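Protein chains: 2
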Amino acid sequence: MSQDVAQQESKGPVMRDLEPMFAPQAIAVIGASRRPGTVGQAVLQNLIYGGYTGVVYPVNPKAKSLSALRCVPSLAAIDDKVDLAVIVTPANVIADLIEEGADLGIRNFLVISAGFKEIGGEGVERERQLKKIADARGLSIIGPNCLGIINTAEEVRLNATFATHMPRQGQLGLISQSGALCTALLDYAKGRGIGFSRFVSFGNKVDVSEIDLLFALARDVNTKVILMYVEDLSAGLPFIDACHEITHGDRPKPILVIKTGRTTEGAAAAASHTGSLAGSDEVFDAIFEQAGVIRVESVGELFDCAEAFIDPILPEGRGTAIVTNAGGPGIMATDACIRYGLKIPRFQEYTLKSLRFQMPPTASVKNPVDVIGDAKHDRYRAALDAVTADENVHQVVVIVTPQMMTDVEQIAHVIAEIKSYCNKPLIGCLMGLVDVFPAVEILREHGVPCFSFPESAMRALAAKARFAEWVRRPISAYRKFEADHNAVQELLQRELSAGRTRLVELPALELLRHYGFPTAPFALAKSADEAAAVSKTMGFPVVMKISGPQILHKTDVGGVKLNLRTEEEVREAYTQMIQSVRGRLGAEIEIWGVLMQKMLEPGKEIILGMTRDPKFGPLLMFGLGGIYTEALRDVSFRLAPVRENVATEMLKSIRSHRLLEGVRGEPPSDLPAIAECQMRLSQLVNEHPRIQELDINPLIVYARGKGAVVADARIILKE
Amino acid sequence: MSQDVAQQESKGPVMRDLEPMFAPQAIAVIGASRRPGTVGQAVLQNLIYGGYTGVVYPVNPKAKSLSALRCVPSLAAIDDKVDLAVIVTPANVIADLIEEGADLGIRNFLVISAGFKEIGGEGVERERQLKKIADARGLSIIGPNCLGIINTAEEVRLNATFATHMPRQGQLGLISQSGALCTALLDYAKGRGIGFSRFVSFGNKVDVSEIDLLFALARDVNTKVILMYVEDLSAGLPFIDACHEITHGDRPKPILVIKTGRTTEGAAAAASHTGSLAGSDEVFDAIFEQAGVIRVESVGELFDCAEAFIDPILPEGRGTAIVTNAGGPGIMATDACIRYGLKIPRFQEYTLKSLRFQMPPTASVKNPVDVIGDAKHDRYRAALDAVTADENVHQVVVIVTPQMMTDVEQIAHVIAEIKSYCNKPLIGCLMGLVDVFPAVEILREHGVPCFSFPESAMRALAAKARFAEWVRRPISAYRKFEADHNAVQELLQRELSAGRTRLVELPALELLRHYGFPTAPFALAKSADEAAAVSKTMGFPVVMKISGPQILHKTDVGGVKLNLRTEEEVREAYTQMIQSVRGRLGAEIEIWGVLMQKMLEPGKEIILGMTRDPKFGPLLMFGLGGIYTEALRDVSFRLAPVRENVATEMLKSIRSHRLLEGVRGEPPSDLPAIAECQMRLSQLVNEHPRIQELDINPLIVYARGKGAVVADARIILKE
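Listed in order, the protein sequences are those of chains A and B. Counting along the first sequence from 1, when you hit position 286 you're at 286 in the numbering used here, and nothing is skipped either side. Counting along the second sequence from 1, when you hit position 1 you're at 1 in the numbering used here, and nothing is skipped either side.
Errors might be hidden in some of the hints.
Intra- or inter-copy, both count: the list cannot distinguish identical chains.
[Stated by the list, open to error] Once the Cα atoms are required to be at most 25 Å apart in a straight line, the calculated SDA-like pairs of lysine to any residue come out as:
#1 K366 / G123
#2 K598 / E530
#3 K652 / R318
#4 K598 / A483
#5 K190 / S298
#6 K652 / R633
Please keep in mind that the hints were generated in silico from the structure rather than gathered at the bench. As the structure is a prediction and not an experimental result, all values here were calculated from the model.
Work out the full structure, taking the sequences as your base and the hints as a guide.
What follows is the structure in structure tokens.
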């Protein structure tokens, strides 16, 4: 039990050196072939025709040469240091080949061949063997069952894949779990003129994971934006930590991800609210949110966002100026701007004056600026100079519709020129495809992001604005609260020794009290007299609830009484309650006594919860009580441990968060008090891995400054 | 006042004959020019080079010929029947030209020139004059300030625009309020290889409206799908009726719309809940919903949906089969399928058997079917034959990633072949852009919709599935309830004569009772004794509320008492209440007495409302009470009058509608009772245009079969 605590604390991420994979000086290709249509032939030809700058050794005992390269009969026959072995042989011989390579001092292997986990049966065993070899001998293996690796850097020019294209050089690094998708992405990128720095298909990830590859792209100077396609993640916190590191520092790199496979398998079996609400996709949303990763829904959106991020300048805010030569597209852009959470600020007075002076009288000088249909590049220049200088403007979108008088290419040059000295994001929206193509190429050459229509432009800019906020936000610490760790250990031992894995209210409240959660005064009374005495000390009114290890549904058996105001009432209630419960559940039911609680003032009901994801560890939940959680499923999740700002953001990510900010004349709720409970919960579940699921339901929250109180809770333990 | 009632009743739509505009045999071009870069030159050249099959008469008194055509000095000099006059002269002479043309018997004018409403000032007056002439002389005028008209039909080939492209022939008809957007759309369509049947930019729509043009496209045999870009609509109910007609019958045509300009101007000033919640965009959403028009958010989505609709076969349901040669894209497609509301059905047993028999053992025969990476066209054929025959499958998506063994073009031929005899929608998703291009062309030639990625494919298919449901749904009638029309007229007269435009609870409840709304028994008591007597007749418990024409906030002045259970309590409450109200509001405040109501059983609180949109007429609102409406703005709108199914659908279009279906063990609410109230409200506000705004808040709704009761209401009248 004790090993878990340390394991689940967040440590700095671990990097491994994959540079020999991406920039090898010598490569052995095992399974190279001359037979057309084979992977072995495709890989060898891609290496040669891709312009690889190192040496390739085809390994083939049956051929003297392949594609004009002299073959070697075996790895042992190579009289050179091999940095990377690319394997395209049948699956059943691969383990032996890797052992052989490792004996010869080769550390890096790219296994393109399929025939492993994905085919089930013997494939699973084969893959297990590969993993064992990698771990035992400290090797790096990418794959198996993947398309391969591409590095377009001029000094390397590595195409160790069986794809039909070598992509053009660019600033996008891509890692993908699906090889087939990669072929489609390469083809699509070619059609759109998009280039890549590095491109990796990592397949079954027997050894090298998406986290290792993220670091490899992060350290690559040619990669400005990281794109990912994943179907799962290897780990939770390490992924979050890696992304944290990559998206911060001097040169934060944005990470865009497509994650597919939205299933809710496994959720049905969970015993708590939290457990039943945490479908697998909610977990991924929480992880990406915490990691600062931008999740997109389609390939089009992926490349649109990448286009905006190619320009490294991040906006200082959400204020967006639009300059257009047509009204309709200006309205479309404004709509999209608002839809994606950007803002259309008013210009400062001097900007308006400058525009009024320089634009024709029929132009609209307010944001969006309509330079009208006959505008040529000089008018665009005047308008752009004015609006880029405005302090309310954080980014600028230039819309050009190719009308009769429009000198689109000249305008593109003007945009590129202004971009060269403007320190705000400036993007072109050249509407259409064919007529505007030469102008699009001009913008591309000058590194100006360029879109065909305002909708996609605004969606991408909005993602960039959110990323800018992420990068600049203050990073708060993990708070560590004083807590009685041993008392909780003892309590858990006691319950488990008694064979109880479900903690009812009394032990749950005791446990939470040990960790400093605010609980209303409570005590167990074992007789009517004791109940009366306790209530007098506590102060009226009080609530009484039957307490016993097996009694889960207290109300159903007459085991709850509210709002008792005198000792007399309490005494009477005690006797009645014991009778009623024994009447319903039988005389032999174990009763500890009656739980006496000070009756709470009414407030807003909140649920805090935790369920342990089998792969990612403790997952915290937050939601409003009652129908909001149960019927509307309006809840948010984060992996524990949570930093202070994460605990706070979590409260704002439910749809109905406005209800906590004071509506209908109510005062706002005490959000800091909720966040503190969330952090205490985070610490508790991290320090006590025996706690499998936990619901605080409800936490009663009062107005700002008045705190929150745990009213009821239940806890499920691992046996 | 009485004219409004008839006017607002829904009548059959009016069609006008615009065929001479779209297929003229002779055209006069007034303002034709030889000067390069002028609209006059561009239009003339487009007519000539576009291959127009009729006769063009350039009208120009200063030139003998233009582009090899003999000019005429004036319209009067043309010795032929001119079907259409295209005007590209300066704006100030256009009214006179139209008068002259009308004198000569020309009925149809296309005014491309700008310089009207859009420039303000004298332009507004010029436009008004055009409207006057059109109305007085029964002419049809398209424009002013537009790009013009295109008709690609072989027997016409009309390009009366100054666009730089004549689009290729196709099945899409497009009408656009923005000319500049049209140029961009044409350019984009050219790049994507998309063709059009008719293409109209209608500019300021001084005369011919989007509704007239909808009918023109509906009657055109070459147009299979109608695309619209609008910034506003000319009318509400006539638009709904027109779309209804076009989207029904033997050959329903789908209508796709981009509507921009989401403002909330004017909403702030509204006095009722309903008024303040009805921003202009909510009105358009309601109109499109009622019209069966598919609203899209971007140009990309517009053409994606159009692509799916080119195939006229509508699916019988939402069950979607996916056949793929790669796992990742299959998962993406499944995700998108679910996201857009489609379903992934299980196959029938015989389908599974057939697939198991024909596919290799590593293939996945469940939906989505993975034919795996080495699949060639024959395996695709076997899989497609099996799944298209499955009764659970209503549409099929074929995903092809261009892998090494993939014979993409052969597969495209197989898809086209199966499409030719399959009576279900079948679409291709050929992933990429460049390598797959020849195969895409094969699918296009055979009329098979084709997409680059699963996301856009599924979004478009989902739109089509919704359209199929729209086309096939039973159309219910407008219900007409018995109501005491005269009593309401008298009540309204009485209140207005007394100078009151805000009806407080008592007259509002009376008014609603005249229209058969369920109200709890109520009566006005003018003394303590009367109150006691009334309550005895009514039955206890009762609610008492102060009633007077100026008393709006009853609770604040001690004017509400709940749950009174004896005559004594009632008597005492009466005296106290009168004292309290006079104490707070002054002795001179007018008090009618105390409104006595039978206390209602608790139920779900609902708001029904109506606000009159200045352009579109009465707009009905529906929402849950309290925070759902006020803080969460979770409401739905429809234009009155509403048919029975519209009233029902309206209840289902709020986000939190599940709360009415019975959650946490509650019985479902009485939706038919709410819908009936909505229809009564529809009838009431249609028959009494003096009612400007109305809130029934709350309507208390009980379990299915137990009805609903109006608890409170207020009404605002037009002076």
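Here's how the hints hold up against the structure:
In the homo-oligomer, the alpha carbons of K366 and G123 lie at most 25 Å apart only across protomers (21 Å), although the nearest pairing inside one protomer, at 65 Å, exceeds that limit. In this homomeric assembly, K598 and E530 come within 25 Å of each other (Cα to Cα) only inside a single copy, at 15 Å, whereas the closest approach across copies is 46 Å. With identical chains, the CA atoms of K652 and R318 are at most 25 Å apart within one copy only, with a shortest distance of 19 Å there and 35 Å across copies. Taking the closest pair of Cα atoms, K598 and A483 come within 25 Å of each other only inside a single copy of the chain (23 Å); across copies the shortest separation is 56 Å, beyond that limit.
For a Cα distance limit of 25 Å, the shortest separation of K190 from S298 qualifies both inside one copy, at 17 Å, and across copies, at 24 Å. Within a single copy, K652 and R633 get their C-alpha atoms as close as 15 Å, and across copies as close as 18 Å, so both meet the 25 Å cut-off.
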